[in-house]
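Engineer: Dock chain B against chain A, hints included.
These protein sequences, in sequence, are chains A and B.
If you want my numbering, it's the position in the first sequence, counting the first as 1, plus 356.
If you want my numbering, it's the position in the second sequence, counting the first as 1, plus 8.
Honestly, the hints are just simulated from the structure, not real lab data.
Possibly wrong hints are sitting among the right ones.
Listed next, with one range per pair, are the computed distances between beta-carbon atoms [unchecked claim]:
#	chain 1	residue 1	chain 2	residue 2	range
1	B	124	A	427	50 to 60 Å
2	A	454	B	59	47 to 57 Å
3	B	22	A	358	46 to 56 Å
4	B	123	A	416	32 to 42 Å
5	B	11	A	423	23 to 33 Å
6	A	379	B	15	50 to 60 Å
7	A	416	B	176	41 to 51 Å
In silico DMTMM-like links for lysine to aspartate or glutamate, alpha-carbon gap of 20 Å or less [said to hold, decoys possible]:
#	chain 1	residue 1	chain 2	residue 2
8	B	183	A	387
9	B	173	A	367
10	B	180	B	129
11	B	89	B	129
12	B	76	A	410
13	B	173	A	391
14	B	173	A	366
15	B	171	A	366
16	B	133	B	65
17	B	56	A	409
18	B	180	A	412
19	B	31	A	410
20	B	88	B	48
21	B	183	A	391
22	B	180	A	384
23	B	171	A	367
24	B	133	B	167
25	B	173	A	363
26	B	183	A	366
27	B	180	A	391
28	B	124	A	390
29	B	31	A	426
30	B	171	A	391
31	B	31	A	367
32	B	180	A	426
33	B	56	A	423
34	B	183	B	167
35	B	180	A	410
36	B	88	A	366
37	B	56	A	428
38	B	89	B	45
39	B	171	A	363
40	B	183	A	390
By construction, the Cβ of each residue, glycine as well, lies at the ideal position given by its N, Cα and C atoms.
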Amino acid sequence: MHRVIRDHLEEVLAQAPLAGPAKQHLEDCKECRDEVMRMRNHAIALRSLRSAEEIEPRPGFYARVMERIEAEGPASIWTVFSESPFGRRIAVASMALALAIGVYMFTAEQPEPGVLSQPVEFVSGTIPGEDQPGVVLTNSGAPDRDAVLVNLVTYQGQ
Amino acid sequence: MVRRVQARDELAFREIVERYQAKVFSIIYGILRNHNDAEDIAQQVFSKIYFSIRNFDFRSSLLTWIYKITVNECYDYLRKKRVRKLVYESDFSEEDATRMEASDPAIDPATPMDRKLAQQDLVAKLLEKVSAEDRSLILLKEVEGHSVEELAAMTGLNENTIKVKLFRTRQKLLKAAQRLGRGRSISK
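Isolated chain A (complex conformation) (with noise of 0.2 Å):
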């Protein structure tokens, strides 16, 4: 829609009298008469949601007010979450958020495969060449276990 329309377009609505280059524009230009028109069937249809007659409440409608009131309260904070679409995205947004934090922190607090995953024993017993029992730290496995025997073997004979 031109310029010269668009500023008068409530006078043209209003299917007000118009004059001088308004006038002249709308009459040469179709495009400009076309928007007009379905902006003036809108409007006309707009004009239908208008209720013919006043309407009354019933009586005791205060008194219904109040109760409600009453019922209702002052709104809390949470309704903010709750009723509007914008605060429930939020909530939501917020709640993933919190469940990716948690993922994350959980699987970051696993061990790494291959690291510490057999467990370490103590095993008692003197070590070659020292008077003294002494203990020695060692995986379980295979190799562990002939160092055990060793250390037996060795204690024995001592």
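Structural biologist: The following block gives chain B in isolation, referenced to the frame of chain A:
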């Protein structure tokens, strides 16, 4: 009176309810066409007024503020109803959109009552496609019949701003009508 309600004076609140109840009912009924819903929503509107009147800053008139709350409540109700129904827009047919674009209900004396109701329903649905502020403004203009000067005084905006906002809203409504009609035909 507003200051008294802000100070939780119940007599002043009662005055507001009694002064505006018929107006609120008429606005709701104009949009929803249902007496039972009108009672429920009107109660909700006054409850909202009671709890939020402390935020009323006198930049607009009290009527404009109440009008906005009422229209918003109607569209909240329609939105919730649509969510329940899931396919609220399915009854907006291509023919509806075409009729909206092409017909002139004011000069068609043979229009039956049910067609008028369908037209009202359709307009109410189209208004869902614009923002709450734009919706209130266009309804105040077309349904309540206020002039641009009156709207400027009621809202505290200048006349040019009102004209620009009205123009943009009218364009959005045209686009919404076209889009709804086109979307329907694509899905066919």
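Engineer: Against each hint, give a clear statement of whether it holds in the structure.
Structural biologist: Going down the list of hints, with the structure as the test:
The supplied range of 50 to 60 Å is broken by residue 124(B) and residue 427(A), whose beta-carbon atoms lie about 38 Å from each other. Under the hint 47 to 57 Å, the C-beta atoms of residue 454(A) and residue 59(B), about 31 Å apart, miss the expected range. The hinted window of 46 to 56 Å between residue 22(B) and residue 358(A) holds, with their beta carbons roughly 52 Å apart. Range check, residue 123(B) to residue 416(A): Cβ separation about 37 Å, and the 32 to 42 Å hint holds.
About 25 Å separates the C-beta atoms of residue 11(B) and residue 423(A), a value consistent with the hinted range of 23 to 33 Å. A C-beta distance of roughly 55 Å is found between residue 379(A) and residue 15(B), which places it inside the suggested range of 50 to 60 Å. As the Cβ distance of residue 416(A) to residue 176(B) is approximately 43 Å, the hint placing it in 41 to 51 Å holds. Between the alpha carbons of residue 183(B) and residue 387(A) the distance comes to roughly 15 Å, so the proposed pair stays at or under 20 Å and holds.
A C-alpha spacing of about 15 Å is found between residue 173(B) and residue 367(A), which places the hinted pair at or below 20 Å, so the restraint holds. Annotation: proposed proximity of residue 180(B) to residue 129(B) holds, straight-line Cα distance about 18 Å (limit 20 Å). Annotation: proposed proximity of residue 89(B) to residue 129(B) holds, straight-line Cα distance about 14 Å (limit 20 Å). With a C-alpha separation of about 19 Å, the suggested pair residue 76(B) and residue 410(A) falls inside the 20 Å cut-off, and the hint holds.
The suggested pairing of residue 173(B) with residue 391(A) holds, with an alpha-carbon distance near 17 Å, which does not exceed 20 Å. Only pairs whose Cα atoms come within 20 Å are accepted, and residue 173(B) paired with residue 366(A) is accepted, the gap being roughly 11 Å. With a CA separation close to 7 Å, the supplied pair residue 171(B) and residue 366(A) stays within the 20 Å bound. A threshold of 20 Å between alpha carbons decides the hint, and for residue 133(B) with residue 65(B) the separation of about 31 Å lies outside it, so the pair is violated.
About 25 Å separates the Cα atoms of residue 56(B) and residue 409(A), which puts this hinted pair outside 20 Å; it is violated. At roughly 34 Å between alpha-carbon atoms, residue 180(B) and residue 412(A) are farther apart than 20 Å, so this suggested pair is violated. With a C-alpha separation of about 7 Å, the suggested pairing of residue 31(B) with residue 410(A) holds against the 20 Å cut-off. For the given pair, residue 88(B) sits about 14 Å from residue 48(B) by alpha-carbon distance, which is consistent with the 20 Å threshold.
For the hint linking residue 183(B) to residue 391(A), the alpha-carbon distance of about 11 Å falls within 20 Å, and the restraint holds. Taken as a hint, the residue 180(B) and residue 384(A) pair is broken in the structure, with Cα atoms around 25 Å apart against an allowance of 20 Å. Proximity of residue 171(B) to residue 367(A) is assessed by CA-CA distance (about 11 Å); at most 20 Å being required, the pair is judged to hold. With a C-alpha separation of about 28 Å, the suggested pairing of residue 133(B) with residue 167(B) is violated against the 20 Å cut-off.
A threshold of 20 Å between alpha carbons decides the hint, and for residue 173(B) with residue 363(A) the separation of about 12 Å falls inside it, so the pair holds. A hinted pair counts as satisfied when its Cα atoms are at most 20 Å apart, and residue 183(B) with residue 366(A) qualifies at roughly 19 Å. Distance check on the hinted pair: residue 180(B) and residue 391(A) sit about 12 Å apart at the alpha-carbon level, within 20 Å; holds. Of the pairs offered as hints, the one joining residue 124(B) and residue 390(A) is violated, with about 23 Å between alpha carbons and a cut-off of 20 Å exceeded.
Between residue 31(B) and residue 426(A), the direct Cα distance comes to roughly 24 Å. Violation of the 20 Å bound is thereby established for this hinted pair. In summary, the hint linking residue 171(B) to residue 391(A) is supported, as the alpha carbons are separated by about 16 Å, within the 20 Å threshold. A C-alpha spacing of about 27 Å is found between residue 31(B) and residue 367(A), which places the hinted pair above 20 Å, so the restraint is violated. Under the criterion of a C-alpha separation no larger than 20 Å, the hint pairing residue 180(B) with residue 426(A) is inconsistent with the structure, at around 40 Å.
Only pairs whose Cα atoms come within 20 Å are accepted, and residue 56(B) paired with residue 423(A) is accepted, the gap being roughly 13 Å. Of the supplied pair hints, the one linking residue 183(B) and residue 167(B) is violated, its CA atoms being roughly 24 Å apart against a limit of 20 Å. With a CA separation close to 30 Å, the supplied pair residue 180(B) and residue 410(A) exceeds the 20 Å bound. Using a Cα cut-off of 20 Å, the hinted pair residue 88(B) and residue 366(A) is violated, with the two alpha carbons roughly 34 Å apart.
About 10 Å separates the Cα atoms of residue 56(B) and residue 428(A), which keeps this hinted pair within 20 Å; it holds. Taking the CA atoms of residue 89(B) and residue 45(B), the gap is near 11 Å; set against the 20 Å cutoff, the hint holds. With a C-alpha separation of about 8 Å, the suggested pair residue 171(B) and residue 363(A) falls inside the 20 Å cut-off, and the hint holds. For the given pair, residue 183(B) sits about 14 Å from residue 390(A) by alpha-carbon distance, which is consistent with the 20 Å threshold.
The structure shown violates the earlier hints numbered 1, 2, 16, 17, 18, 22, 24, 28, 29, 31, 32, 34, 35, 36.
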